[in-house]
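Q: Those protein sequences? They're chains A and B, same order as listed. Numbering of the first sequence is given in the numbering used here, commencing with residue 242 and proceeding in unit increments. Numbering of the second sequence is given in the numbering used here, commencing with residue 32 and proceeding in unit increments.
No wet-lab data here; the hints were simulated from the structure. Beta carbons: idealized from backbone N, C-alpha and C, even for Gly. Careful: at least some of the hints might be erroneous.
Which residues of chain A face chain B? A few of them, derived with a C-beta cut under 8 Å, are [stated by the list, open to error]:
1. 532
2. 681
3. 854
Not everything, but these chain B residues come out facing chain A in the computed CB check (under 10 Å) [to be verified]:
4. 137
5. 139
6. 140
7. 157
8. 164
9. 169
10. 175
11. 196
12. 204
13. 206
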Amino acid sequence: MRAGASFAQTDTAGAKALQEVVVTATRNEQLVNKVPIPVTIIKKAQIQSMGAVLLQQVLAEQTGLFITSNHGTGIQMQGLEAEYTLILLDGEPLIGRTAGTLDLSRIVVSNIERIEIIKGPVSSLYGSDALAGVINIITSTKRKEGVTSATARLATNNTYNLDAGTKIPFSKGLFSVNANYYNTNGYTLGKENTSPTVSPFHAVTLQSRWQQDWSDKWQSVLSARYFDQRYNSFFQESKGIVDDKGKEQDANVSLNIRNTPGKRFSQVLRLYYSRYATREDMLYRQDQRVYDASWFTQQYLKPEYQADWQLHPQHQLTAGIGYIHESLEATRYDEKMAFNTGYLFLQENWKPGDKWNVLLGGRFDTHNQYPSQFSPKLSVSYNFHPNWRVLASAGRGYRAPDFRQLYLHFNNAAVGYTVAGTKLAVDILKEMQARGEIKQLNIDVSQLKDLDAESSWSYNAGIQGKPFSTTATKVNFFYNKVNNLIDTRAIAEKTNGQRVFSYVNVKSITTYGAEAEISQSLFKCWQLSGGYQYLRTLDNELYNKVKNKEVYTVDEQTKETRALKRSEYFGLFNRSHHTANFKVSYIHSRLGIDANARVVYRSKYGFTDENGNNTPDTKNEFVPGYATVNVAAAKSLFRNQLRLQGTIENLFNYTDPQHISTMPGRLYSVGLTWNFYHLNKHN
Amino acid sequence: MRKQLTLLLSVVLIASCSKSDDDKPANTGGNGRPGTVKVISNTAVNVDADAGNKGTFTLYNLAENKVVPNSDSATAKWDIGFKATTIIINGGVSGPGKASAQVVSGIYNDMGTAPEAGYKVDEAAAKAITGWYSYNMDTHIISPVAGKFFVLKTADGKYAKLEIFSYYKDAPNPPVATSASRYYHFRYVLQPDGSAYFK
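Isolated chain A (complex conformation):
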């Protein structure tokens, strides 16, 4: 939505990559090969050649990213969980996280022009949540090409997707509209008649964008998106079957007004509003009695002003000021909650000569619910050879305590436990004690302090280059230390045998490792690419105990208890030490053929703790490593007006229902796209 933000490119060849422009790293347009922060770009053509429909399918194949499943589909980046990655749509944050996860299956990829991924904190520009990194989904395009297209795709599990959109360029602007309908019957792993593993759901996404160039100096962009998803599930309860029906809605509107009075100065005013709402009704199938009903509404309003000023050929200054008003009402919250954040950010981009690029910036956020945060970042790059450069950065990231950690008041009807946000925990405990529901307190109530934000210091260093004209490679080393991690803690035992949970800032974790990527063009039509990430993670307090021989395990051979060796400390749960991907693609534009095969591998990772030492160590606490293979092939006909595509996901039908419920087995799909290129081409 950032006006003139993007430079869509449909070619995947490396030649034009030199001109490629990115916006996420600096909040203004920068050449990707000059910006001192590594940015991964996934282009529309790449998304199309995979035959992907949902965002998670695209991200799952990127080096160093894993799909996780915890209250929705999320992404793990540099070994940090889904809540630490900020997801932006045209530069504005998507809202509606459940237990920290922003469900990526809410985002269909059909009208995405490209995706920019930055690893490492960018709180210096975006504030909270941009601790592990930022994923910016860009739908806008500079390309003034009129096209109307429609796609139908049919896949296993009665999954189908209908998509239609049009882009209408006119002399002073561009109008686009897009509609998408997605349906799936989900699937059930294991026995029949049990609850669906993935519930049947259907979703509608509507998007529209109007860009108008009022004059040379003034431009506006108005865009809107609406998403509505309904799902249908059931579960067995002691008194009978309970039907579980839910809906999820997400709407956002953004208006950008840009003024460019001269070549050296531009300013933009952005207004962004977003609303996210869910509703869930659980009714006994037999007599429609209510088992549980809940709803949740979150609203987000953000006015922001940004100015970019080229002070000097070597110095570009970016400054911004903004305000965020967030509110929340829900069954699990006692009353309507409001959060207010005011912020300022400042960034200096210094280019002392052609070879050096220095970016120094910081953002200050002041908040009414937790301490103020200052997030600086310094990034430097140096081109030591025309085709090679080194990059390094150091920065602070943070993640604010969320609503639930502060204000949740939830009594689980089915199991009987209670969760209390820190601002309410003391009062809730007193009420429960008065009702005689508390058997014993686990902590001194005065220990329940206000939560601070989770914050990190992160360091990245790498090298990028082209050893040969057809080969591109990059390597990046990373180190993140996250402090003040917010964790749940059982604060009291209830008389019903369950517990009361609240949140505390307790531990710190460290993640470090390296990733490497290489791509190679072969004989015009072939492209090979591969990526690898090595990752180590530590729960620092637990690791200190391991070093002090205070963490125990039962030896698999001798069956005797002994101290866990340092070398046996595997790290945090759900982190693989090794992950890799490999892709072969064949593109023959004249014949209109486009085919590819992709392999994604992850080594074993900790799944759960059974023996109470809080770390995966015995064999059954791990998920074995695995690889999946996805293939896609497409043929374009009638001068690209018609495109036929077939895909097979998980070709070798790998499943592990005990550990990985999100892995349904082999999936087939066929798709047909019709493109109509309008005659009134401009520019």
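Add chain B to chain A, keeping to what the hints say.
A: Just chain B now, with coordinates in the frame of chain A:
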């Protein structure tokens, strides 16, 4: 003389040991040096801890290495009792005996001497033995926490250390969600001479 008698009793008449009239305070450290009296070291398997869900504790006599009938619950004939994951000891609110206990972290085999302090009796609000197991929400498996074991004074005040190694019938490794539960497997060392030495 008395030392030799105890030695003789413990070696020859293990069963009678717990009935010994040796009533001296247990924490005196007895007669000092380790190794003078042979310790009782046993492993108990498949101890049914209310597998039938009748709501009763299974009472265990460590010196005799056997289950005691519930009719003896008001006597000092049992030391420790099991009902599902709940463990009681014969002391405090749970029984007329002198038992007290604590859960310690460390390596069972490495403990040569029982700690001097830290023992608790069962109270209505809190049992002396808690937090010995870990319940996994994903797999629903109950596992003893690695490195946790109990040091207790038995109903007649003798020191023992006890480590549970499975909660499932026939101790499958690993247990699965369908494994029959409430079957304790544990090992213990009991020092019959009243001293705190386990070696």
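Q: All the hints need checking, so say for each whether the structure fits it.
A: Hint by hint, here is what the structure shows:
1. 532: violated, 21 Å
2. 681: OK, holds: residue 681(A) within 8 Å of chain B, min 6 Å.
3. 854: holds, 5 Å
4. 137: Holds, about 8 Å.
5. 139: holds, 5 Å
6. 140: Holds: closest Cβ of chain A sits about 6 Å from residue 140(B), inside 10 Å.
7. 157: Result: holds, 7 Å to nearest chain A Cβ.
8. 164: OK, holds: residue 164(B) within 10 Å of chain A, min 7 Å.
9. 169: With a minimum Cβ separation of about 5 Å from chain A (threshold 10 Å), the hint on residue 169(B) holds.
10. 175: holds, 7 Å
11. 196: holds, 7 Å
12. 204: For residue 204(B), the interface hint holds, since the closest Cβ of chain A sits about 8 Å away, which is under 10 Å.
13. 206: OK, holds: residue 206(B) within 10 Å of chain A, min 9 Å.
Checked against the numbered hints above, the structure violates only hint 1.
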